[in-house]
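Those protein sequences? They're chains A and B, same order as listed. Numbers 145 to 394, taken from our numbering, label the letters of the first sequence in order. Numbers 181 to 448, taken from our numbering, label the letters of the second sequence in order.
These are computed hints drawn from the structure, not numbers from a lab. Since the model is a prediction, treat every value here as computed from it, not as a measurement. C-beta atoms are modelled at their ideal positions from N, C-alpha and C, and glycine is treated no differently. Mixed in with the good hints, there may be bad ones.
Calculated lysine-lysine pairs in the DSS-like style (CA-CA distance at most 30 Å, straight line) [as the list claims (entries may be wrong)]:
(1) A:Lys282 - B:Lys202
(2) B:Lys448 - A:Lys165
(3) B:Lys333 - A:Lys150
(4) A:Lys260 - B:Lys333
(5) A:Lys230 - A:Lys165
(6) B:Lys333 - A:Lys338
(7) A:Lys340 - B:Lys333
(8) A:Lys282 - B:Lys448
(9) A:Lys260 - A:Lys282
Listed next, with one range per pair, are the computed distances between beta-carbon atoms [claimed, not checked]:
(10) A:Arg284 - B:Leu200: 39 to 47 Å
(11) B:Ser265 - A:Pro182: 31 to 39 Å
(12) B:Arg444 - A:Ser183: 54 to 62 Å
Some but not every residue of chain A turned toward chain B, in silico, with C-beta under 7 Å [as the list claims (entries may be wrong)]:
(13) Lys229
(14) Leu233
(15) Gln236
(16) Gly252
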Amino acid sequence: MEPHIKTRNLNAYYNDHQALKDINLDIPKQQITVIMGPSGCGKTTLLKSLNRFLELTDGTRITGEVLIDNANVYTGEVDVTEIRKKAGLLAQRPYPLPMSIYDNVAYGMRIHGMQKGRNLEAAVQHYLEVAGLWDEVKDRLHAPATGLSIGQQQRLCLARGLAVEPEILLGDEPTSALDPISAQHIEGRLHDLKEKYTTVLVTHILRQAKRLAGYVIFMYLGEVVEAGPAHEIFERPKEARTRAYLEGQI
Amino acid sequence: MLLSFLAVAGALVLILGTVLIKGLPALNWQMVTQTSKGGYYLGKEGGILNAIIGSLYLAGGGTLLALVFSLPIALYLETYVIKSSWGSTVRLALDVLWGIPSIVYGAFGFTLMLSLGLRASLLGGIIALALLELPIMTRAMDEVIRLMPAALKQASLALGSTQLETAIHVVTRQMLPGILTAVLLAFGRGIGDAASVLFTAGYTDRIPTSLMRPVASLPLAVFFQLGTPFPEVQQRAYASALILTVIVLAISLGSRWASGQVGRYSVK
Numbered sequence: 145m146e147p148h149i150k151t152r153n154l155n156a157y158y159n160d161h162q163a164l165k166d167i168n169l170d171i172p173k174q175q176i177t178v179i180m181g182p183s184g185c186g187k188t189t190l191l192k193s194l195n196r197f198l199e200l201t202d203g204t205r206i207t208g209e210v211l212i213d214n215a216n217v218y219t220g221e222v223d224v225t226e227i228r229k230k231a232g233l234l235a236q237r238p239y240p241l242p243m244s245i246y247d248n249v250a251y252g253m254r255i256h257g258m259q260k261g262r263n264l265e266a267a268v269q270h271y272l273e274v275a276g277l278w279d280e281v282k283d284r285l286h287a288p289a290t291g292l293s294i295g296q297q298q299r300l301c302l303a304r305g306l307a308v309e310p311e312i313l314l315g316d317e318p319t320s321a322l323d324p325i326s327a328q329h330i331e332g333r334l335h336d337l338k339e340k341y342t343t344v345l346v347t348h349i350l351r352q353a354k355r356l357a358g359y360v361i362f363m364y365l366g367e368v369v370e371a372g373p374a375h376e377i378f379e380r381p382k383e384a385r386t387r388a389y390l391e392g393q394i
Numbered sequence: 181m182l183l184s185f186l187a188v189a190g191a192l193v194l195i196l197g198t199v200l201i202k203g204l205p206a207l208n209w210q211m212v213t214q215t216s217k218g219g220y221y222l223g224k225e226g227g228i229l230n231a232i233i234g235s236l237y238l239a240g241g242g243t244l245l246a247l248v249f250s251l252p253i254a255l256y257l258e259t260y261v262i263k264s265s266w267g268s269t270v271r272l273a274l275d276v277l278w279g280i281p282s283i284v285y286g287a288f289g290f291t292l293m294l295s296l297g298l299r300a301s302l303l304g305g306i307i308a309l310a311l312l313e314l315p316i317m318t319r320a321m322d323e324v325i326r327l328m329p330a331a332l333k334q335a336s337l338a339l340g341s342t343q344l345e346t347a348i349h350v351v352t353r354q355m356l357p358g359i360l361t362a363v364l365l366a367f368g369r370g371i372g373d374a375a376s377v378l379f380t381a382g383y384t385d386r387i388p389t390s391l392m393r394p395v396a397s398l399p400l401a402v403f404f405q406l407g408t409p410f411p412e413v414q415q416r417a418y419a420s421a422l423i424l425t426v427i428v429l430a431i432s433l434g435s436r437w438a439s440g441q442v443g444r445y446s447v448k
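The following block holds chain B by itself, in its conformation from the complex (with noise of 0.2 Å):
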């Protein structure tokens, strides 16, 4: 017990302080107001808000793309192929889908770009990132809705109230935390990921300005910084680093607390 807390503790303060250590120094206003500069991977003037920009874009767009299926097809999992042997088939696929690396996802991405005639773009990555998020999206929602008591429903139904009313007032608000947390967790992970956009969006110093446009991301301009042979400037790799952790944090600690919020009134 004791032993494990330690092992998983002491790997979280190991991460978070070389992290912390190597990159605070580095870290200043100017890094996250400003866009790269010419000469920024050689140790001059400027930030990586185009990158900050640029991972909330594509990680919005992905997760916003990757909502619009996964939560019909997690309502339908859950409504009408609760039991039949279809849906486990569906949900085996999606367990299978979520445990491809994310390197595959980008390099089919980059197919499907090259085929629809794209180039790397933000459009690109944001799809790349859609196909990374839906099954981790879809299978946590579909454990939300699953743990829906019927009950509930009927106790709704019986003073009179037709299905919608039901599934607006009573089924959603009993699974909109668990929802939320689905959909936060989905944009952690796709915040994060380095592999699936290396392709599909591309890097570029400047924020893009339409969908069509290559777009910078946090977790490549750490590699990039890391990948250069100046100290000055694989230790703003470690910055860039500290925030997209900070990111990541604030997202879950701020899921949490409104999953908490919405999730006052939910029947346990």
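Excised from the complex, chain A in its bound form (with noise of 0.2 Å):
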């Protein structure tokens, strides 16, 4: 199958700190792909090149291209807002926007001008539902966001990056910060969400990445050792790293 997103000769600065090296990758399409490795092995750094997110950050810079459906996401041409409208993100933390739960999830929507009225409405129960959250709130649509507990935080956090029709979700770690019970909820999502959007996810952990992952990617010190199928990846791994990684020795 045709990969969805594909990076070619990427290379990421942090001033004079190179923090990725090279990488060239073909994520599939929808399903699940996870990027693995020990601490500052670039993840992050790599997942938010995707979305031109890493500009965001001063002092970063970035050289070769990351295509998404064959179309460089570095070239002048390019509206930034419609890639990361395309491909949404979902932080470490849930930040919800200081507004209400029911304006939370209708932002992006209306800013996209996408739907109006009692469509609108419509649209905003189906992406509680879907983020699972819809039950526990629908009583209290027009309370602050802020009430919520930081597990229904990011559930609404996924409703809302849900609700301006992305084809591609991007997490980074998104359940590090969270309790058990929520983790499990969020990864719940993923999980059943995987067939419809092509997800690339930051985790470093290990038991997370093997219920989830359909393709995998291990990275160290800015490089990728080792990219393939889930189950080759964790069954036989051909890097002695990899190898190292899943042992915990690394």
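Both chains are given apart, each in its own frame, so use the hints to dock them into the complex.
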């Protein structure tokens, strides 16, 4: 199958430090790709270079290409907001927008002029249901989103991200700040949605990677050591460093 | 703990008590609905409506003028010169300005007016108060904007909104309560200040009809009435002080309520 996202000779720098070294990847469509590796290996940097989020940090520089549906996102003509709409990001810590629960979900649809009036209401309900939050918030849609628990907030962020109809979901350790039950909730949602979206997930939880991944990328010190279908990487890793990581040695 | 509470609460009760006990008997409807007539300062007919309105004009105008400058300054400080030494120099300058006694602003405003050929007027008072309020407002806003989490802005950008949409719908909403508090803090400081308007705004028994006319103010009304040898006029000074206190109190309570209302959705 044709890959959804490709990177070609991708390099990223924080000032003088090179965080990504010559990354060439093919990320498959409509399954979960997990990026694994020890802390500081460039997982998050790689993830954030896919939706041009890296450039929001001062002192970053990127060379090479990221192709989504064969179109390079790092050319001048590209509208960066379109890319971010297409590839939604679920951050490590949920940040609800300073508005009501309802408006948090409606916000993206409003700024992109996607839904109006009764359709908007129905869409908000739909995405809250998809994120598994509807039953908990249906009686207080107009209450401040900050009143939700952190686990609920993360599901709200998922609903808000899905509402702008992305094709790609990027998850930057989206369960790491949550309690185990909430983490399970989010993981369950990602699992349910995996056939609809191309998901790229950064995680350092090996068991989570094994439960979710269809495709695995293993990174070490800014390089891709090994990438391939999950069962191959987990059962027959080719590289010694991958083996060492899977056995908990690095 | 208890001692410090008693000291603070005691001081507050003493001040409010004095103003209430001495001012309340002299307070009447005539005082807040009429301007000073001839002979008012000798204990005759009239009120201090001219000073009430004058003070609202002065502080309102001064706050508006200060806002026009301080919001851009605060935004600039937080967006462009966050960590540079230039930014800390500007902050240091603002802190020094904050500490300058208000009579110095009055004297400076007076010199400025003379060089511009202005007389003591509403405009002169507004300029002096704006100078006084500018550092207070700017520094208060600076602190508010600094507390804006970067991740919140990114959450909005991640949905594909532009910087402008993010600024309008997210950043402003998040900061509005703080900005409101900064504005009202400066207003409260401005309306209660006597020294800066002493030379610049003048004093009159009329309600000003133009920016170029002199204008009365409540702090100066207190000052002048207290300076007379007549006990009944001195009592009216306390009543004027009571009115000023009530206005400031209403503003600070109002600002707490308003910032609570608009801040309901803010991310803490």
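Discussion item. Just to be careful, I want the Cα atoms of Lys333 of chain B and Lys338 of chain A compared with a cutoff of 30 Å; is the pair within it?
Written reply: holds (28 Å)
**Agreement of Lys333 of chain B and Lys150 of chain A with the hint, judged by alpha carbon distance not exceeding 30 Å** = At roughly 28 Å apart (the allowed maximum being 30 Å), Lys150 of chain A and Lys333 of chain B satisfy the hint.
- Check the following: the C-beta atoms of Arg444 of chain B and Ser183 of chain A are separated by a distance inside 54 to 62 Å. The hint (54 to 62 Å, Cβ to Cβ) is violated, given that Arg444 of chain B and Ser183 of chain A are roughly 38 Å apart.
Against chain B, with CB atoms and a cut of 7 Å, does the hint on Gln236 of chain A hold up? Violated, about 9 Å.
Self-check item: Restraint check, 7 Å cut-off on beta carbons, for Leu233 of chain A near chain B
Solution: holds (4 Å)
*Please work out if Lys282 of chain A and Lys202 of chain B have their alpha carbons no farther apart than 30 Å.*
violated (57 Å)
Original post:
Is the hinted range of 31 to 39 Å satisfied by the C-beta distance from Ser265 of chain B to Pro182 of chain A?
Top reply: Given a distance of about 37 Å, which is inside 31 to 39 Å, the answer is holds.
Tell me if the beta carbons of Arg284 of chain A and Leu200 of chain B are separated by a distance inside 39 to 47 Å.
Given range 39 to 47 Å: holds, Cβ gap about 44 Å.
Regarding the hint that Lys229 of chain A lies at the interface with chain B, is the smallest CB-CB distance below 7 Å?
Holds. Min distance 3 Å.
30 Å limit on alpha-carbon distance, applied to hinted pair Lys260 of chain A and Lys282 of chain A: Measuring from Cα to Cα gives roughly 19 Å; hence the hint holds.
Q) Can Gly252 of chain A be said to touch chain B, with a Cβ gap under 7 Å? A) OK, holds: Gly252 of chain A within 7 Å of chain B, min 4 Å.
message: Lys282 of chain A and Lys448 of chain B were given as a pair; does the straight-line alpha-carbon distance stay at or below 30 Å?
response: Between Lys282 of chain A and Lys448 of chain B the Cα gap is close to 23 Å, so the pair holds against 30 Å.
Figure legend: structure checked against the earlier numbered hints; hints not met, in rising order: 1, 2, 12 and 15.
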